[in-house]
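Turn these sequences into a full structure, and let the hints steer you where they fit.
2 protein chains.
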Amino acid sequence: MSEALRVGIAGLGTVGASVARVLADKAAELTRQCGRPIVVSGVSARERARDRGVDLSAAQWFDDPVELAGWDGIDVFVELIGGDEGAALDCVKTALEAGRHVVTANKALLAKHGLALADIAEQKGVLLNYEAAVAGGIPVIKTMREAMAGNTVSRVFGILNGTCNYILTRMEAEGISFEECLADAQRLGYAEADPTFDIEGHDTAHKLAILTSLAFGSRIAADDIYMEGISNITQADIRAAAELGYRIKLLGVAQRTESGIEQRVHPTMVPTASVIAQVHGVTNAVAVETDILGELLLSGPGAGGNATASAVVGDVADIAKSRPGFQHGPVFGRPVKELSPYKRAQMRSHEGGYFIRLTVHDRTGVFAAIARRMADNDISLESIVQHANGASSEVQKTVILVTHETTEAAVRKAVDGITSDGHLLDKPQVIRIERAA
Amino acid sequence: MSEALRVGIAGLGTVGASVARVLADKAAELTRQCGRPIVVSGVSARERARDRGVDLSAAQWFDDPVELAGWDGIDVFVELIGGDEGAALDCVKTALEAGRHVVTANKALLAKHGLALADIAEQKGVLLNYEAAVAGGIPVIKTMREAMAGNTVSRVFGILNGTCNYILTRMEAEGISFEECLADAQRLGYAEADPTFDIEGHDTAHKLAILTSLAFGSRIAADDIYMEGISNITQADIRAAAELGYRIKLLGVAQRTESGIEQRVHPTMVPTASVIAQVHGVTNAVAVETDILGELLLSGPGAGGNATASAVVGDVADIAKSRPGFQHGPVFGRPVKELSPYKRAQMRSHEGGYFIRLTVHDRTGVFAAIARRMADNDISLESIVQHANGASSEVQKTVILVTHETTEAAVRKAVDGITSDGHLLDKPQVIRIERAA
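Note that the protein sequences, when read in sequence, are chains A and B.
Mapping of the first sequence onto full-length UniProt numbering: position 9 corresponds to residue 9, and the numbering continues sequentially without gaps.
Mapping of the second sequence onto full-length UniProt numbering: position 45 corresponds to residue 45, and the numbering continues sequentially without gaps.
Source of the hints: derived by calculation from the structure; they are not laboratory data.
Derived DSS-like pairs: lysine-lysine, alpha-carbon spacing no greater than 25 Å straight-line:
1. A:K112 with A:K337
2. B:K124 with A:K321
3. A:K397 with A:K413
4. A:K321 with B:K337
5. A:K124 with A:K337
6. A:K93 with A:K112
Where chain A lies over chain B, by a calculated footprint (3+ residues, C-beta under 8 Å):
7. 128-139
8. 150-161
All C-beta atoms in this analysis are idealised placements derived from N, C-alpha and C, irrespective of residue type, glycine included.
Next comes the structure, spelled out in C-alpha cells:
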C-alpha cells in the first residue's frame with residue numbers, strides 16, 4: 001500500500017460537505033480503486049461549529065484558506081469557496097505555486113483566470129482538475145480532454161444551466177409564465193434571490209468559455225460571448241415551438257466557422273424528437289461533434305451537492321492513482337503556450353434557421369409587406385403560421401415564420417424593415433434554431 | 001520533448017486502418033496534447049499489399065501478430081484482430097507478459113479472458129485499455145472506471161448493439177417486418193451474413209458483462225446472462241408499444257437486487273418521452289445510476305471504423321501522457337484479486353412492469369379468464385387494450401395488458417395459466433418494461 005493522499009478542502013458548503021462525506025463513507029472502496037487511501041488532512045470554512053454530517057475532527061482546521069493552500073500537510077488542495085477573485089484566486093495560486101495539485105468546481109475563476117492558473121500548474125508539474133466546473137456531475141471535461149484525443153471538434157453545445165432548464169421545462173409542461181416559474185424556482189432553491197446570473201446566461205457563458213477552449217485548442221475568451229437570456233420567452237413562443245416540432249432550451253453553443261469561432265448563449269429551438277429536447281428540469285446535457293467520433297451526447301445532473309461532489313471526488317481519485325513524477329496531459333488539452341488566440345466569429349455572420357414571431361395589425365397588405373421584407377433579404381421560409389389572437393382577434397394577429405438557413409444579418413435587416421413598416425403591435429421575437437440529432 | 005511512444009497495430013481492417021490514419025493525420029495535435037509523438041512502428045495484418053489510405057512503409061511488417069506483440073520495438077500493442085481465442089488471445093497475452101501496454105477493442109476476448117489478462121497487466125504494471133470494446137466511440141469505460149470513483153452503482157443499462165437498434169428503429173418508422181429490416185441491414189453492411197450473434201443478444205451480452213464488472217466491482221460472468229433477442233418482435237408489438245407510450249429497444253441491463261446482480265439482455269419497453277427512447281438507428285447509449293452522481297446517460301456512435309478508432313486513439317493517448325513508473329487505476333476498476341464473486345440474481349425474482357400481448361378467441365368469458373389468472377398471481381394492471389384483429393375480427397382479437405410492478409415468476413405463472421386455459425390462438429408475447437428517465 002502506498003502512502004495516503006492528503007487532501008485539504010477549502011469551503012464546506014453544500015458541495016464541500018458532500019465531498020468530505022463521500023471521501024469518508026467510501027474510503028474503503030476508493031482505497032481499492034486508487035491503490036492508496038485518500039484522507040482529508042486539512043479543512044477551512046467560515047463557520048467551524050456547524051454540523052456537516054461528517055466527522056472532520058481528525059483534519060487540521062484553518063481559519064484562513066490561503067494558509068491551508070500553502071500548508072505542507074496536503075498533497076491536493078480542493079477549492080470550493082467560489083467567486084472569481086479574492087480568497088478563491090489567492091488559494092488556488094498559492095497551492096499551485098507550492099506544488100500542490102488543485103481540484104476546483106469554480107467556473108467563474110477558470111473563465112477569468114484559467115490560463116494564468118494552468119500556466120502555473122504546467123510549470124510546477126501539478127494537476128489542475130476542474131470536472132465539477134462544467135455541467136456538474138457530467139464528465140465532459142474528462143471526455144473532451146482525454147477521451148477525444150485526436151478528434152477535431154466542429155461544434156459543442158449544451159444545456160449548461162439547470163435553473164433555466166427547470167424554468168423552461170415547467171413553462172412548457174404547465175403553461176405558466178416565466179415570472180411564475182422563476183418565483184417557484186426561487187422558493188425551491190433552484191434559483192438565487194438575484195437570478196440574473198443564471199437567467200441572463202452568464203453562468204452558461206462561463207461554462208461555455210471552458211468548453212470552447214477544450215474543443216478548439218484556443219485561449220479562453222469568456223468576455224467574447226454573445227449572450228441572450230430566457231426572461232423574454234413567453235407562452236406564445238413555447239406553444240408556437242411545440243406546434244412547429246420544436247422545444248425551447250437555453251443553449252451554450254461554440255462552433256467553428258469560416259470566419260472564426262462562434263460562442264453564443266441564447267434561447268434555442270431544438271427539434272422535439274432530438275435527444276437534447278428530452279433533457280428536462282435541472283438536468284444538463286452536452287453534445288460534441290467531431291470529425292472522427294461523430295456526435296456524442298452526455299446528460300446528467302448539472303448541479304446539486306452530491307452530483308458536483310462526484311465530479312470533485314473523481315478528480316481527486318485521478319490524482320490518487322497517479323504517482324510522484326507522473327506528468328498528466330495539459331490543463332486545457334494543449335499546453336497553455338500552444339493554445340491558439342481566440343478568433344471571434346461575428347454574430348451577424350451566424351448561419352442557421354430562425355423562428356420569428358410577430359404581432360401585427362390584422363389588415364390587408366400586412367402579410368405581403370412581411371413577405372416582401374423576407375424576400376428582399378434573400379430569406380426563404382420553411383413554414384408560416386398565422387393565428388388570430390383570442391379575444392382581440394378583430395384587430396391583431398400573430399404571424400410565425402420559420403426560415404430556412406440564412407444569416408443573422410439578413411434576419412436582423414428583415415425584422416428592422418418590418419418594424420419600420422409600422423405593422424407591429426409588439427416587440428418582434430426572434431429565436432435561433434439549432435440542428436440537433 | 002520526450003521520446004516517442006511506439007505503437008504496434010495488429011489487424012488492419014476497417015478499425016485498424018482508421019487508427020493508423022488518425023495517428024498519421026493528427027500527429028501534430030496528438031503530440032501537443034500528449035507531450036510526445038505517437039508513432040506506428042510495427043504492423044501486422046493478413047494482407048500486406050492492400051491500400052489502406054495511409055502510408056505504413058515506415059512501420060516494420062510482421063506476418064505473425066504474436067511476433068509483433070513480443071517485439072521490443074513497441075511500447076503499446078493495439079489488438080484489432082478480433083475473436084475470443086487464437087491469435088487475439090495469444091497476442092494480448094504475449095504483449096502483456098513482455099511488459100507492453102495493450103489497447104484492444106475486443107469485447108469477446110475480454111468477456112471470456114478479461115480477468116486473466118487484467119491479472120497479467122496488473123502484475124506487470126502495464127495498462128490494458130479497452131474503451132472501444134463497449135459502445136464504440138462512447139467513453140463509458142473511462143467514465144465508469146475513472147469519473148465515477150466513489151460512486152456505488154445501482155443499475156447500468158444501455159443500447160449496446162447498433163444492428164438491433166437500427167432494425168427496431170426502421171420497424172417503427174416504416175412499419176415493416178423484422179425480416180425485411182434485417183435483410184436491408186445486411187445489404188447496407190449493418191448486419192452480418194449470419195446475424196445471430198447480434199440479433200439474439202450475444203454481442204450485447206459481451207459488452208454488458210464488462211459493464212457489470214465495472215459497475216459492481218464483481219468478477220466478469222459473461223455466461224450468466226439472461227438473454228432474449230429481437231427476432232420475435234412484431235409490428236403488433238411496436239404499434240401497441242407506441243399506443244401505450246413506449247418504444248421497444250434491445251437493452252442490456254445490470255442491476256443490483258437483494259438476491260444478487262441481475263444481468264439481462266432482452267427487448268424492453270422504455271417510455272417514449274425518455275432520453276434513451278430517442279436513441280435511433282445505429283447509435284448506442286449507456287445509462288448509469290449511482291448513489292452520488294444520480295443518473296448519467298451517454299449516447300453516440302457505437303460502431304464504425306472511425307468512431308471505434310476514436311476510442312482506440314484516446315486509449316493510446318492516455319498511455320502516451322503517462323510516463324514510466326506511473327501506476328494507473330486497475331483494469332476493471334478494482335484490482336482483480338479484490339473483485340467480488342458474481343452472485344447471480346434469479347430471473348424469476350426480477351421485479352418490474354410487463355407488457356403482455358395475447359391473441360385470443362373472441363368469445364364470452366375469455367377476458368374474465370385472463371383477468372382471473374392475473375388476480376390469482378397478485379398482478380395488478382396499469383392498462384388494458386383490446387383490439388379487433390382486422391378482417392378476422394369475428395373470431396379473434398388482441399388483448400394487451402400492461403402490469404404494475406410485479407415479479408417475473410408471477411407473470412410466467414399467469415401466462416402459463418392463460419395458455420393452459422386454451423383461449424390463446426398464438427404464442428403469448430411478453431416484453432419487460434424498464435424505468436428510464
